[in-house]
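J.: Turn these sequences into a full structure, and let the hints guide you.
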Amino acid sequence: MLSLGADVLPEYKLQTSRIDKFTILHYSPFKAVWDWLILLLVIYTAIFTPYSAAFLLNDIEEQRRRECGYSCSPLNVVDLIVDILFILDIIINFRTTYVNNNDEVVSHPVRIAVHYFKGWFLIDMVAAIPFDLLIYQIGRAH
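Quick note: the sequence shown uses our numbering, first residue 385, plus one each step.
Hint data in this document are derived by calculation from the structure and do not stem from the laboratory.
You can trust all of the hints, since none of them are fake.
Below, simulated DSS-like cross-link-like pairs (lysine-lysine); rule was C-alpha separation at most 30 Å, straight line:
| # | residue 1 | residue 2 |
| --- | --- | --- |
| 1 | Lys405 | Lys502 |
| 2 | Lys502 | Lys415 |
| 3 | Lys405 | Lys415 |
Listed next, with one range per pair, are the computed distances between beta-carbon atoms:
| # | residue 1 | residue 2 | range |
| --- | --- | --- | --- |
| 4 | Ile465 | Ile507 | 12 to 22 Å |
| 5 | Phe505 | Trp420 | 13 to 23 Å |
| 6 | His492 | Ser455 | 33 to 43 Å |
| 7 | Val494 | Pro434 | 31 to 41 Å |
| 8 | Leu469 | Pro413 | 16 to 26 Å |
| 9 | Ile431 | Ile403 | 35 to 45 Å |
Source: prediction; values computed, not measured.
The beta-carbon is built from N, C-alpha and C at its ideal position, and this holds for glycine as well.
T.: Shown next, in the form of structure tokens:
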């Protein structure tokens with residue numbers, strides 16, 4: 385009998401599985417909240433990076449940054465925290481289960497890592513590189 389109620393779960397959620405204690409279930413409440421947080425951070429980055437490049441990067445701001453340091457600007461500190469959370473997201477994705485083509489939950493760490501490497505890893509890695517901090521360090525060296 386089919387039901388549209390919230391009590392209907394996919395079969396893999398009903399199965400008892402033996403997984404490592406550091407493995408995160410892809411359907412867990414933690415993972416749902418984490419994914420929403422990462423989505424909000426992506427939206428923040430998509431809005432504030434162009435805004436910062438267009439309106440906040442000027443000679444006066446650059447001079448103040450040279451005198452005071454990278455952490456003087458609250459926006460730089462927030463950007464650094466965002467970059468750290470993106471790196472943490474990569475680590476979490478290496479430990480998160482997934483459902484394969486046979487509707488089986490894959491919880492083996494090596495298979496999770498291979499699946500992530502073949503999928504979103506490269507995009508996530510490029511997104512997590514703190515380019516603004518690298519540019520600041522390169523500019524400071526000259």
